Amino acid sequence: QKEVEQDPGPLSVPEGAIVSLNCTYSNSAFQYFMWYRQYSRKGPELLMYTYSSGNKEDGRFTAQVDKSSKYISLFIRDSQPSDSATYLCAMLMNTGFQKLVFGTGTRLLVSP
Amino acid sequence: NAGVTQTPKFQVLKTGQSMTLQCAQDMNHNSMYWYRQDPGMGLRLIYYSASEGTTDKGEVPNGYNVSRLNKREFSLRLESAAPSQTSVYFCASSEGQGWNEQYFGPGTRLTVT
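If you read the protein sequences in the order shown, they are chains A and B. To convert, count from 1 in the first sequence and add 976; that's the working numbering. To convert, count from 1 in the second sequence and add 4; that's the working numbering.
For the record, the hints were derived by calculation from the structure and aren't laboratory data. Mixed in with the good hints there might be a few duds.
[Unchecked claim] For the chain A half of the interface with chain B, some residues (derived, Cβ under 7 Å), not all of them:
{"#": "1", "residue": "Ala1005"}
{"#": "2", "residue": "Tyr1008"}
{"#": "3", "residue": "Tyr1015"}
{"#": "4", "residue": "Gly1019"}
{"#": "5", "residue": "Pro1020"}
{"#": "6", "residue": "Leu1022"}
{"#": "7", "residue": "Thr1080"}
[Said to hold, decoys possible] Not everything, but these chain A residues come out facing chain B in the computed CB check (under 8 Å):
{"#": "8", "residue": "Pro984"}
{"#": "9", "residue": "Glu1021"}
{"#": "10", "residue": "Leu1064"}
{"#": "11", "residue": "Leu1068"}
{"#": "12", "residue": "Phe1078"}
{"#": "13", "residue": "Gly1079"}
These numbers were taken from a predicted model, which means no experiment stands behind them. Glycine included, C-beta positions come from ideal geometry on N, C-alpha and C.
Whenever a hint applies, use it, and build me the whole structure from the sequences.
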């Protein structure tokens, strides 16, 4: 079983829809939770991160962590065609050197 | 400020050939990383360098070697390429230990025939 599971998609939505992207994980030692966005043929870039449980909002994006269920989510409101990309979740323990564990990524397609 | 740069962008090798992927960062970061990205597997850490002068194995180090040439540069070498090493390779850097954002380069697409 992988430490981090993520549905690869693709997830196709119309412009303006609310998008929910999710990851589950098995290692309760993870403390930092990140979402990276990766456009086609580009490197990943950090979108949001949260520490421990709770919600964090940044514009149209909300990251949510439920440590009791080992489940994290990224919500995108009023989705735009420019949001079409692959979204990777990543996690980090709070000990030792920073070695991120990534999900496989979910490909999102937002149609005009 | 170019961030993280990688060369080459594309490469085709025959089985058994060798090559070195180059990575440089201009953000004065202490830590650097090499990942490979394969369909259905996500990003997997090959090697990392926590600070200048140190390197350590990641999740999938077999068939690779690295050199932290100086604080800016971190190279990845394939001594005898195999088709299983066909992948997209990303270099990344971060300020250092603990929580620090990793900045990624644009990637190198490698095909081994």
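Structure-based check of all given hints:
1. Ala1005: Ala1005 of chain A check fails; min Cβ-Cβ to chain B is 14 Å, beyond 7 Å.
2. Tyr1008: With a closest approach of 5 Å, the Tyr1008 of chain A hint holds.
3. Tyr1015: It is violated, given that the least Cβ distance between Tyr1015 of chain A and chain B is near 10 Å, above 7 Å.
4. Gly1019: holds (3 Å)
5. Pro1020: holds (5 Å)
6. Leu1022: holds (5 Å)
7. Thr1080: holds (4 Å)
8. Pro984: holds (7 Å)
9. Glu1021: Interface hint status for Glu1021 of chain A: holds (7 Å vs cutoff 8 Å).
10. Leu1064: holds (7 Å)
11. Leu1068: holds (7 Å)
12. Phe1078: holds (4 Å)
13. Gly1079: holds (6 Å)
In summary, the numbered hints that this structure violates are 1, 3.
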